[in-house]
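Participant: Chains as they are written, first to last, in the numbering used here: chain X, 1 to 83; chain U, 1 to 343.
The hints are simulated quantities; they were obtained by calculation from the structure and are not laboratory data. Note that this is a predicted model, so its numbers are computed, not measured. A few of these clues could be false.
[Unchecked claim] Stretch by stretch, here's where chain X covers chain U in the computed footprint (C-beta under 8 Å, at least three residues): (1) 24 to 31; (2) 178 to 189; (3) 270 to 282.
[To be verified] Simulated DEER-style distance windows between Cβ atoms: (4) Thr49/X - Arg36/U: 48 to 54 Å; (5) Gly202/U - Ala45/X: 32 to 38 Å; (6) Ile74/X - Ser333/U: 36 to 42 Å; (7) Thr42/U - Glu79/X: 47 to 53 Å; (8) Ile74/X - Arg36/U: 50 to 56 Å; (9) Gly59/X - Asp299/U: 34 to 40 Å.
[Claimed, not checked] Derived lysine to aspartate or glutamate pairs resembling DMTMM-like cross-links, with alpha carbons at most 20 Å apart: (10) Lys153/U - Glu74/U; (11) Lys72/X - Asp109/U; (12) Lys72/X - Asp27/X; (13) Lys77/X - Asp109/U; (14) Lys153/U - Asp67/U; (15) Lys64/X - Asp42/X; (16) Lys2/U - Glu16/U; (17) Lys77/X - Glu37/X; (18) Lys72/X - Asp49/U; (19) Lys64/X - Glu21/U; (20) Lys29/U - Asp44/U; (21) Lys72/X - Asp122/U; (22) Lys153/U - Glu121/U; (23) Lys153/U - Asp212/U; (24) Lys72/X - Glu274/U; (25) Lys153/U - Asp187/U; (26) Lys64/X - Glu274/U; (27) Lys2/U - Asp26/U; (28) Lys27/U - Glu91/U; (29) Lys72/X - Glu44/X; (30) Lys153/U - Asp317/U; (31) Lys153/U - Asp268/U; (32) Lys72/X - Glu121/U; (33) Lys2/U - Asp156/U; (34) Lys77/X - Asp212/U; (35) Lys2/U - Asp49/U; (36) Lys72/X - Asp42/X.
Ideal placement from N, C-alpha and C gives every residue a C-beta, glycine not left out.
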Amino acid sequence: MSPADPAPRAGDARSGPPAASIVACPDGPLLVRGEFEVVTPDGEALPRTRRTVALCRCGASVLKPYCDGSHKLIGFKTEPPAP
Amino acid sequence: MKQPTARGNVSALLLEITTGEPPAADKVKHLEDAVRTALARTADVVVEDDLQLTLFCLYELHYSGLDGAAEGWEWDPGLIRVRQLIEAVFEERLRTAVVVDAAPEPTSDAVAAELFRMTGEDTGPSMSRFVAREANAEQLREFLIQKSIYQLKEADPHTWAIPRLTGRAKAALVEIQADEYGGGHPDRMHSALFARTMRAVGLDDTYGAYIDAAPAITLASTNMMSLFGLNRRLRGAIVGHLTAYEMTSSQPNRLYARGFARHGYGEDATGYFEEHVEADAVHEQIAGRDLAGGLVEADPRLLGDVLFGAAAALLVDSWMTRHIMDAWAEGRSSLQPDRSFAA
Ligand code: FES
Ligand SMILES: [Fe+2]
Ligand SMILES: [Fe+2]
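Excised from the complex, chain X in its bound form:
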């Protein structure tokens, strides 16, 4: 839950926080924090200018794989509508 960047730990992985965390934002992107790399299918690192990124999961961003806020315009919902 903490937005702080957890430092990756050597040794026993269970003793410390994970190296990276992903927040599944309701009706929005996946927010990724910590130590990670975003790569192409060939394994090449994609340009990244900030530590924490938002990955599009609505499909509408023109900056994919990053979110550009378009999910709000298309009314993207992560929960099915109540019956």
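Guided by the hints, dock chain U with the ligands onto chain X, whose structure is given.
Facilitator: For chain U with the ligands alone, kept in the frame of chain X given last:
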């Protein structure tokens, strides 16, 4: 900041006082009386040039200072009292005008959802659509001049809140601000990117170069942030303000970039806007849940002020947009008349 030109007897008195050495009790008392008279007389402090410029200068003593002003004036008790007189009327004006129509549960998810709802509503004329499709070259420059009053010190008013927050909300604010300040790269600071955009279209990027061109409503928009940021009791409002800014940024900035590209400007002009499309899609998520939501979960009494700050940000910016768009619709400049900034 460059010394502005006075806009009435109150700002003239303040500028005269600050070029001398503190204290100057008699002169400051004289200023206080003049401020009381002006406040009693004004119909709407938000669009009162003399008082908004005076407040702007009083705040600027805490930021970059005023060229030619002795630094000792920053915490002069008489000037702080004058500031509080204007602040009280200004805050009252905002609280009366702002409508907050819902009270979500004081949980992080509910607060974020309500802020996304508020900021998703259409609020009058769209500056971004106009800039994208229609604005002419002169209007683009004017748009940058209007924005420069805040954007050349972008993020600074919200930074005042950091030591007033704790835990999750504090970590969230620091995470956002670190990105606003370039993540350790001075040339990637958002204020530096904005300065680069100004240079790309041939404008002066010195802070205060266009202060005389800024109408009262533009000064009021930045003054509101300083009011919320510099008063600890308003920490809920500055958090709500930042959250509203982050949540109304990605799409408009994409359109602003398009407007400058339409006029043939390159990345040195559009880079600032393009950066905000991506950055604020991240910031709005952190701001909604961790900053605003985290603050309200830690102290539910602040819920009302978080919503007030967000609604005030939206309202005052809609006033500023209307001021500019109305002028343009009539074929006028939205900047202050009869001043020599236009060159
Ligand atoms: S999730 Fe934000 S644009 Fe797709
Ligand atoms: Fe920014
Ligand atoms: Fe931002």
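Participant: Each of the hints needs a verdict: does it hold here or not?
Facilitator: Verification of the supplied hints:
1. 24 to 31: Violated: only 0 residues of the stretch 24 to 31 of chain U have a Cβ under 8 Å from chain X.
2. 178 to 189: holds (count 4)
3. 270 to 282: holds (count 7)
4. Thr49/X - Arg36/U: 48 to 54 Å: Holds, since Thr49/X and Arg36/U (Cβ atoms, about 50 Å apart) stay within the stated range.
5. Gly202/U - Ala45/X: 32 to 38 Å: Since the Cβ atoms of Gly202/U and Ala45/X sit about 37 Å apart, the hinted range of 32 to 38 Å holds.
6. Ile74/X - Ser333/U: 36 to 42 Å: The hinted range 36 to 42 Å holds for Ile74/X and Ser333/U, with Cβ atoms some 38 Å apart.
7. Thr42/U - Glu79/X: 47 to 53 Å: holds (49 Å)
8. Ile74/X - Arg36/U: 50 to 56 Å: Once the Cβ atoms are compared, 53 Å apart, the range 50 to 56 Å for Arg36/U and Ile74/X holds.
9. Gly59/X - Asp299/U: 34 to 40 Å: holds (38 Å)
10. Lys153/U - Glu74/U: holds (18 Å)
11. Lys72/X - Asp109/U: holds (16 Å)
12. Lys72/X - Asp27/X: Between Lys72/X and Asp27/X the Cα gap is close to 8 Å, so the pair holds against 20 Å.
13. Lys77/X - Asp109/U: holds (15 Å)
14. Lys153/U - Asp67/U: holds (16 Å)
15. Lys64/X - Asp42/X: Within the cut-off at roughly 16 Å; holds.
16. Lys2/U - Glu16/U: This hinted pair holds, its Cα atoms lying about 14 Å apart.
17. Lys77/X - Glu37/X: Violated, at roughly 27 Å.
18. Lys72/X - Asp49/U: Violated: Lys72/X and Asp49/U sit about 38 Å apart, past 20 Å.
19. Lys64/X - Glu21/U: violated (56 Å)
20. Lys29/U - Asp44/U: Violated: Lys29/U and Asp44/U sit about 24 Å apart, past 20 Å.
21. Lys72/X - Asp122/U: It holds: about 13 Å lies between the C-alpha atoms, which stays within 20 Å.
22. Lys153/U - Glu121/U: violated (28 Å)
23. Lys153/U - Asp212/U: Holds, at roughly 17 Å.
24. Lys72/X - Glu274/U: holds (18 Å)
25. Lys153/U - Asp187/U: Holds. Lys153/U to Asp187/U sits at ~14 Å (cutoff 20 Å).
26. Lys64/X - Glu274/U: Cα-Cα ~14 Å, so holds.
27. Lys2/U - Asp26/U: violated (26 Å)
28. Lys27/U - Glu91/U: violated (26 Å)
29. Lys72/X - Glu44/X: violated (30 Å)
30. Lys153/U - Asp317/U: holds (17 Å)
31. Lys153/U - Asp268/U: Given that 20 Å is the threshold and the Cα spacing comes to 19 Å, the pair holds.
32. Lys72/X - Glu121/U: holds (11 Å)
33. Lys2/U - Asp156/U: holds (18 Å)
34. Lys77/X - Asp212/U: Distance ~47 Å between Lys77/X and Asp212/U Cα, so the pair is violated.
35. Lys2/U - Asp49/U: Holds, at about 18 Å.
36. Lys72/X - Asp42/X: At roughly 31 Å apart (the allowed maximum being 20 Å), Asp42/X and Lys72/X break the hint.
The structure fails to meet hints 1, 17, 18, 19, 20, 22, 27, 28, 29, 34 and 36 from the earlier list, while all remaining hints are met.
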